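Please build the complete structure, drawing on both the sequences and the hints.
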Amino acid sequence: MFSVILYGRNDSHGYNLHKRAAISFNALAEVMSDPDDEILFVDYNTPDDHPTFPEAIHDTLTDKAKKVMRILRVRPDQHAHLRPKTHLVALEAQSRNVALRRSNPRNRWILYTNTDMLLVPRNAEESLSSILGGLADGFYQVPRFEIPEMLWEAAFDRRDPAGNLAKLREWAVRFHLNQVVHNYMPMKYDALGDFQAALREDMFAIHGFNEDMILGWHCDSNLAARLALYRGRVDTLIDKVFGYHCDHTRVAAANNKGRATRMNDQDRFIWNVASPYVPAQAETWGWPDVEIEELRLDRDTAYQRFTAGLDKAIKPATAPFTGTSLEWQLFEDLTYDLPHTLPFVCDQMVTFPRSTAVMMVAARADFVTGFAAAWKGMGFTGPILIPEECEGLPGDLAGVERAPFAGQLPKADMFIFEFGLATQTATEPVRAGRAMAPLDKKRLRVVEKLFKRAATAEAETRPPARRVQRRFIGVNVIYNKFWTTFTDYVGANINPFCSQVLAGLPREDESLKGKVLRFRGRHAL
Amino acid sequence: MREQSAVRDERCEDPTKLANGDILQAVIAPLARLWRRSTTSAAVDLKPESAERHYRDGVLKVRGGDVDGALAEFDKALDRAPGFADAVLARAELLDGQGRCEAARGEYERARQLWSEMPAGAPDRRYLFRRRGHFAFEIEAYELVRANVRNKILPQLAHGNALLVRGRAAEALDSYERALRIRPNLPELLALKGEALSALGRYEEAIQAFDSVLAACPADVETLNGRGIACMALGKLAEANDDWRRQLDLLPQAQSSARACVAMRQGNNEAAFHSFGLSLAKEPANAYWLLYRLTAGRLTGAPRDPIAAPVGAQWPAPLLALHAGQATEEDVLARSDTPCQRTETLFQLGVVALAGNPAAARRHWEEVVERGAPALIEYAAARNQLARLGS
Numbered sequence: 001m002f003s004v005i006l007y008g009r010n011d012s013h014g015y016n017l018h019k020r021a022a023i024s025f026n027a028l029a030e031v032m033s034d035p036d037d038e039i040l041f042v043d044y045n046t047p048d049d050h051p052t053f054p055e056a057i058h059d060t061l062t063d064k065a066k067k068v069m070r071i072l073r074v075r076p077d078q079h080a081h082l083r084p085k086t087h088l089v090a091l092e093a094q095s096r097n098v099a100l101r102r103s104n105p106r107n108r109w110i111l112y113t114n115t116d117m118l119l120v121p122r123n124a125e126e127s128l129s130s131i132l133g134g135l136a137d138g139f140y141q142v143p144r145f146e147i148p149e150m151l152w153e154a155a156f157d158r159r160d161p162a163g164n165l166a167k168l169r170e171w172a173v174r175f176h177l178n179q180v181v182h183n184y185m186p187m188k189y190d191a192l193g194d195f196q197a198a199l200r201e202d203m204f205a206i207h208g209f210n211e212d213m214i215l216g217w218h219c220d221s222n223l224a225a226r227l228a229l230y231r232g233r234v235d236t237l238i239d240k241v242f243g244y245h246c247d248h249t250r251v252a253a254a255n256n257k258g259r260a261t262r263m264n265d266q267d268r269f270i271w272n273v274a275s276p277y278v279p280a281q282a283e284t285w286g287w288p289d290v291e292i293e294e295l296r297l298d299r300d301t302a303y304q305r306f307t308a309g310l311d312k313a314i315k316p317a318t319a320p321f322t323g324t325s326l327e328w329q330l331f332e333d334l335t336y337d338l339p340h341t342l343p344f345v346c347d348q349m350v351t352f353p354r355s356t357a358v359m360m361v362a363a364r365a366d367f368v369t370g371f372a373a374a375w376k377g378m379g380f381t382g383p384i385l386i387p388e389e390c391e392g393l394p395g396d397l398a399g400v401e402r403a404p405f406a407g408q409l410p411k412a413d414m415f416i417f418e419f420g421l422a423t424q425t426a427t428e429p430v431r432a433g434r435a436m437a438p439l440d441k442k443r444l445r446v447v448e449k450l451f452k453r454a455a456t457a458e459a460e461t462r463p464p465a466r467r468v469q470r471r472f473i474g475v476n477v478i479y480n481k482f483w484t485t486f487t488d489y490v491g492a493n494i495n496p497f498c499s500q501v502l503a504g505l506p507r508e509d510e511s512l513k514g515k516v517l518r519f520r521g522r523h524a525l
Numbered sequence: 001m002r003e004q005s006a007v008r009d010e011r012c013e014d015p016t017k018l019a020n021g022d023i024l025q026a027v028i029a030p031l032a033r034l035w036r037r038s039t040t041s042a043a044v045d046l047k048p049e050s051a052e053r054h055y056r057d058g059v060l061k062v063r064g065g066d067v068d069g070a071l072a073e074f075d076k077a078l079d080r081a082p083g084f085a086d087a088v089l090a091r092a093e094l095l096d097g098q099g100r101c102e103a104a105r106g107e108y109e110r111a112r113q114l115w116s117e118m119p120a121g122a123p124d125r126r127y128l129f130r131r132r133g134h135f136a137f138e139i140e141a142y143e144l145v146r147a148n149v150r151n152k153i154l155p156q157l158a159h160g161n162a163l164l165v166r167g168r169a170a171e172a173l174d175s176y177e178r179a180l181r182i183r184p185n186l187p188e189l190l191a192l193k194g195e196a197l198s199a200l201g202r203y204e205e206a207i208q209a210f211d212s213v214l215a216a217c218p219a220d221v222e223t224l225n226g227r228g229i230a231c232m233a234l235g236k237l238a239e240a241n242d243d244w245r246r247q248l249d250l251l252p253q254a255q256s257s258a259r260a261c262v263a264m265r266q267g268n269n270e271a272a273f274h275s276f277g278l279s280l281a282k283e284p285a286n287a288y289w290l291l292y293r294l295t296a297g298r299l300t301g302a303p304r305d306p307i308a309a310p311v312g313a314q315w316p317a318p319l320l321a322l323h324a325g326q327a328t329e330e331d332v333l334a335r336s337d338t339p340c341q342r343t344e345t346l347f348q349l350g351v352v353a354l355a356g357n358p359a360a361a362r363r364h365w366e367e368v369v370e371r372g373a374p375a376l377i378e379y380a381a382a383r384n385q386l387a388r389l390g391s
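Protein sequence lines correspond, in order, to chains H and R. Going by our numbering, 82 is the number at position 82 of the first sequence; the sequence numbering is gapless. Going by our numbering, 284 is the number at position 284 of the second sequence; the sequence numbering is gapless.
These are computed hints drawn from the structure, not numbers from a lab. As the structure is a computational prediction, the values presented were derived from the model and not from experiment. Wrong hints could be hidden among the right ones.
[Said to hold, decoys possible] Heads up, simulated DSS-like pairs for lysine-lysine below, C-alpha to C-alpha not over 27 angstroms straight-line:
#1 Lys-19/H <-> Lys-411/H
#2 Lys-76/R <-> Lys-61/R
#3 Lys-61/R <-> Lys-188/H
#4 Lys-481/H <-> Lys-442/H
#5 Lys-188/H <-> Lys-236/R
#6 Lys-441/H <-> Lys-481/H
#7 Lys-315/H <-> Lys-257/H
#8 Lys-188/H <-> Lys-76/R
#9 Lys-449/H <-> Lys-411/H
The following block contains the structure:
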């Protein structure tokens, strides 16, 4: 019957976002009763190494919310062409249009709202699906009522949507929450974007939201203006549904700078709207030709993929614990525990697109074998690119491509550099003062040289269609002799030694030191 | 499912009438005559247009916080025009706000029902002609906006649209011209000005406005439609049909009902027959699509499908009954209550007569051209059929 369209990203937009959003997702799912109903959440521009926002809070969502939610992930690279034009990191019009294009065509209605809204049918026996199912064609809005922060934060149980809706029915009366804020036509109400129900067919006819609106605010008013023209009227559903907003102004959100807030031009996008249509984007709105990843919370989750991958690569531990040490005298010892390290390496990968091509430059053959098994087990379809310059590594593994380093550089979406000892065996003790063999030194010289060249040439070797920097993952680069090497070229956080892994983007250091490092890296000096 | 669409022309609506007010008129007319003997002012008050005045007074009272006064005005409006959905809704909102939720609930539903029963416009026409409603609320609301948000386009344009659909084309033209003073030559505004001029019968000026729009936006299908109507009104059949042919070329296949209507205007009955079939598959309850498919089928000589007996008495059921041989010419003419319905009836009488009595068909279609509104599909179709008959 209807597709709810929401957007956001895995960040901290406003006060206690996680609780607000969980309350809202669960409450929206609670008022759905048609098998075609869906919540479309566009996760816009979350960094590639993060899970999407709903994945990050999935444990606070009800089974029903997980079942009805489809997550459409817009990657930073897909947003990159808009980045110079806006100060915002998440774009409403683009997000909502991406979802509209991909919404269930069997659904008659599209409902635009936000991740802090609870919709309460006035008749507790009715679902929103049945309400919308009984409506004549039109464009419907409801006024937004505010819930003081204390109430939703203190009294709502995220996983009890029915209880939360019942509380709202009581609080509305007890605390006088229901105040309708009227507004000029075509807006009709204040905060109109928290409930705008339009026919899917109408949204396609008017070419969706106006994608020129990239500075934030007024997207809802623009939509109201255009749909009011198209439909002639803005109808109310106040007799059927009350909409409650979890107020979150204790902390200003990123798009709220008080009077200094940058906004889309009100005159252009509201008062001087002259047509329902946006013909300039008629063929392009919602990015119809862009492949948008879809994720679900009720199947094939990142956790399931992660564990499936590792189960292919490592056996369960046979001892209650193992040991290593970061004592300074062991700085030169490059042994590490592979089965312990591999989960932290995979953790860096699993949120990336499945089609990712990863370049693997490594010293240890068993690392490559283990990683390749995990990579495939996690469902990645992109190749593992291993430069021919790396000797002693298996070349016959499924999904592995061998070729000269220079040729592979422009094909890689991500890099892994592993600084282990080629001669380390599976049974020898870790960080016990082991010295490098000549073979280890030879292999590590190659790894180091290729690492520096890749990091310094990242920008100019980037695949032509790619707009954002590629990520570098360093394995066995904490508190050993390659720690400074790696962090000279890659802007990595400080990570616990136990993870063995650092990751980040190539540094863009314009200081003299940075320039010298880049020069040395390029020329492998 | 969508509500059943009818195909309405804004000029065919008697601007003094409100939908479903016809029965009321019949009831109150004798009363009004009685009243007129004693109290002239009261008698004048008992006209549907006075319903709009009471509605407007009610809206002003709502804005001033006088809820009881507003309710009284809306009651008066509804006494005069019980089908006045805008007043029904306004009353419902006031009752709801007073806590009389049970009473309000039924009124909200009633308003929606009344709107949904109103005829919608032809889907090949400009967006504003496709809607349902009285737009009394919108006229008042945008009047307020344009008084406060000065020198902006939207308030003038939206106000003009509401007026134009209500049949107040001269006032609509004034609103559009005000908007054009802010943004001269903006194609979207010129197009609306053209529609208002066309509605006023100023077809040459309308065509000039549409020409300007199409010079800037050659693929503007809605303006092609509008210019076609204005051309057809002036008897320029070839030009009109050219515009509609171009419109048909540009309309996506998915918009089958718009394609069907524009095909029917230009007398492209094969295309109309096909597209109305698609429209009917999407909206099986739409009696107009059934009627027009039968019409196009008859005009192309396609084998006739069995006609399902029309359900209910709602227009255009009598026309379907005519096709099914279950109603006579006299029956159908007697049930044609508005100029619009009469035009539709005359056109269908011509269609049914064509095979056996071409002279009768010609006579009916000539009457359509003589009396019908040029924006009606039947008007254009009749002109094209007459051209084929050699008149």
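Hint check, failures only | 1, 5 and 7
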